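J.: Residue numbers (the working numbering), protein chains in the order written: chain A, 1 to 247; chain B, 1 to 270.
By construction, these hints were calculated from the structure, which means they are not laboratory data. There may be inaccurate statements among the hints.
Quick partial rundown of chain B residues pointing at chain A, CB under 7 Å, derived from the structure [claimed, not checked]:
#1 48
#2 54
#3 58
#4 61
#5 68
#6 77
#7 106
#8 107
#9 111
#10 118
#11 125
#12 126
#13 187
#14 200
#15 242
These figures come from a predicted structure and were not determined experimentally. Beta carbons: idealized from backbone N, C-alpha and C, even for Gly.
As a plain string of letters, each chain reads:
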Amino acid sequence: MGILKTLFKRFLSVILDILPLLCVIFIFQTFVIQKPFPDLEQTLLGIGLVILGLFLFIMGLENALFPLGERIANQFAQKGNVFWLLLFGFTLGFSTTIAEPALTIIASKAGQLAADSGAIQANDSTILFFVYGLRLTVALAVGIAIAIGVLRIIKGWALPWFILMGYGLIILATFFAPQQIIGIAYDSGGITTSTITVPLVAALGIGLAVSIKGRNPIVDGFGLIALASLTPILFVMIYGMFVLGVA
Amino acid sequence: MMPQENGLFEVLQASFKSTLVDILPILLVLIFFQVIILRKNIPHLKQILLGLVLVVVGLAIFIMGLEKCVFPIGTSMADQLTDPLFLSNGDEKTVRAFLSAVRVDPSLYTWTYIFAFMIGFSTTLAEPALIAVSIKAREISTGAISEWGLRIAVAFGVAFGVTLGAYRIIMGTPLYLYIAFGYLFLVVQTVFAPKAIIPLAFDSGGVTTSTVTVPVLAALGIGLASNVPGRSPILDGFGLIAFASLFPIIAVLAYAMIGQWLGKRYQKSI
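When you get a sec, could you build the whole thing from the sequences and use the hints?
T.: In structure tokens:
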């Protein structure tokens, strides 16, 4: 009975998560556009799938991604080897970002844009080099961010200093970075952390903060994702300065 | 048009593939470090494996559902709302005057702003990564940070950011002016905000733009940039995502600052 009740409650909460989105779409279609739904059957099927998918995902979240991140953090903390932990953080950040589909799309768009504007030569190999360079830069940025973030949790350094320094550098770099790269740089900060990586990385940080004596999970455990969305902006602008020249 | 003639099976296959690409590097890294470095068994391995299957299948089905109902309607809405014919209520003469105007009147786009605000707000509430982070925040704060409180603060931030971003595309002002000012504001706010909330606030900025929000925002940005006279989709379409990850941080910090201020006032009154 207990399990069924929990499942039912979770199912209701998923419907509540989706409801605002459905309302917005329904209201605009009916009152503003004033046209019937193009394919009502498909739309209803889609709504059902969205609810089912989110329900399964959240179950998996609590059964796999959260415990996995916390246990690995715990095992590393017991082992007590900082180097391996930093390498783990770097590899996790780097490998999830280099394969990220959203980054692949943005990077190839950026390559086309740079070639069109005459910033780089418009032949295939130059564009390809630029695109791969961009993806590598973002992946390195995320890997380094997670490694620094893990070190910060171990040492108990305060996050605001990192944030202030990071954004200070970003504002400074914005003045020197070539115009064409700025929009791409700022967007790349937002797209690098995917739906599967976020829960795992969050659980990793909190798991570490719980396992290490004297750390507070709220103050020290969060912040890995923050750093991972900050460094790509800076790194991409620096990449732009190197490849396209200083503005 | 969205690929409506595509069968259910093809769509499912595509979304499975992208989810697997997402999880494969994570699995490889985890297995490598578990086997080579840690050399320990993971407790409750069966439960975790089952959970991972749920994550992959759930996310694939979720994305497939979005592609069936949310993305096509979001795209056609973004397109229709910014259509010159819609803006001028179907009056031909106004359309011609509109298209030849050097500078568009930003007040014509009232419906676009309302749509941008509401779609930014509602897609953020449906974002799985944000749900995950707010569950964790509630758990470790033992309820002091409420799941819905955090998510609604973030959603307001995204909604405001997207609306401002739409206004920027319509006006054509350079992106870096807004961004530099926004970050400057954020830096000042960071100095004064309660220290305990800062890591969570900056984390929530990074998680808001993900599975649900990015495709809808991209459609809105491109729809606007290609329909507003004098804008180019490549140059002006960028930037909505940047706005949508900057303003949630400001919103969560503001939420915590207001809470702290109210708390202090309450303490003074007793």
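J.: The structure should be examined with respect to each hint, and the outcome stated for every one.
T.: Here is what the structure says about each hint:
Hint status for residue 48 of chain B: holds, given a least beta-carbon distance of 5 Å to chain A, under 7 Å. For residue 54 of chain B, the interface hint holds, the least distance from its beta-carbon to any beta-carbon of chain A being 3 Å, beneath 7 Å. A distance limit of 7 Å between C-beta atoms decides the matter here; for residue 58 of chain B the minimum to chain A is near 3 Å, and the interface restraint holds. The beta carbon of residue 61 of chain B comes within 3 Å of a beta carbon in chain A, closer than 7 Å, and the hint placing it at the interface holds.
Taking 7 Å as the C-beta cut-off, the interface hint given for residue 68 of chain B holds, the closest approach to chain A being about 3 Å. For the restraint placing residue 77 of chain B at the interface with chain A, the shortest Cβ-Cβ distance is roughly 6 Å, inside the 7 Å limit, so the hint holds. A hinted interface residue such as residue 106 of chain B counts as satisfied when its beta carbon comes closer than 7 Å to some beta carbon of chain A; here the least separation is about 18 Å, so the hint is violated. Evaluation of the residue 107 of chain B hint against chain A yields a violated restraint, the C-beta minimum of about 17 Å exceeding 7 Å.
Interface hint at residue 111 of chain B: satisfied, since its Cβ lies 6 Å from the closest Cβ of chain A, which is below the 7 Å cut-off. The criterion of a C-beta within 7 Å of any C-beta in chain A is met by residue 118 of chain B, whose closest approach is roughly 5 Å, and the hint holds. Checking residue 125 of chain B against chain A by beta carbon gives a least distance of about 5 Å; that is within 7 Å, so the hint holds. Taking 7 Å as the C-beta contact cut-off toward chain A, the hint placing residue 126 of chain B at the interface holds, the least distance being around 5 Å.
A least Cβ separation of about 6 Å between residue 187 of chain B and chain A falls short of the 7 Å threshold, and the interface hint therefore holds. Taking 7 Å as the C-beta contact cut-off toward chain A, the hint placing residue 200 of chain B at the interface holds, the least distance being around 5 Å. The beta carbon of residue 242 of chain B comes within 4 Å of a beta carbon in chain A, closer than 7 Å, and the hint placing it at the interface holds.
Checked against the numbered hints given earlier, the structure breaks hints 7 and 8 and satisfies all the rest.
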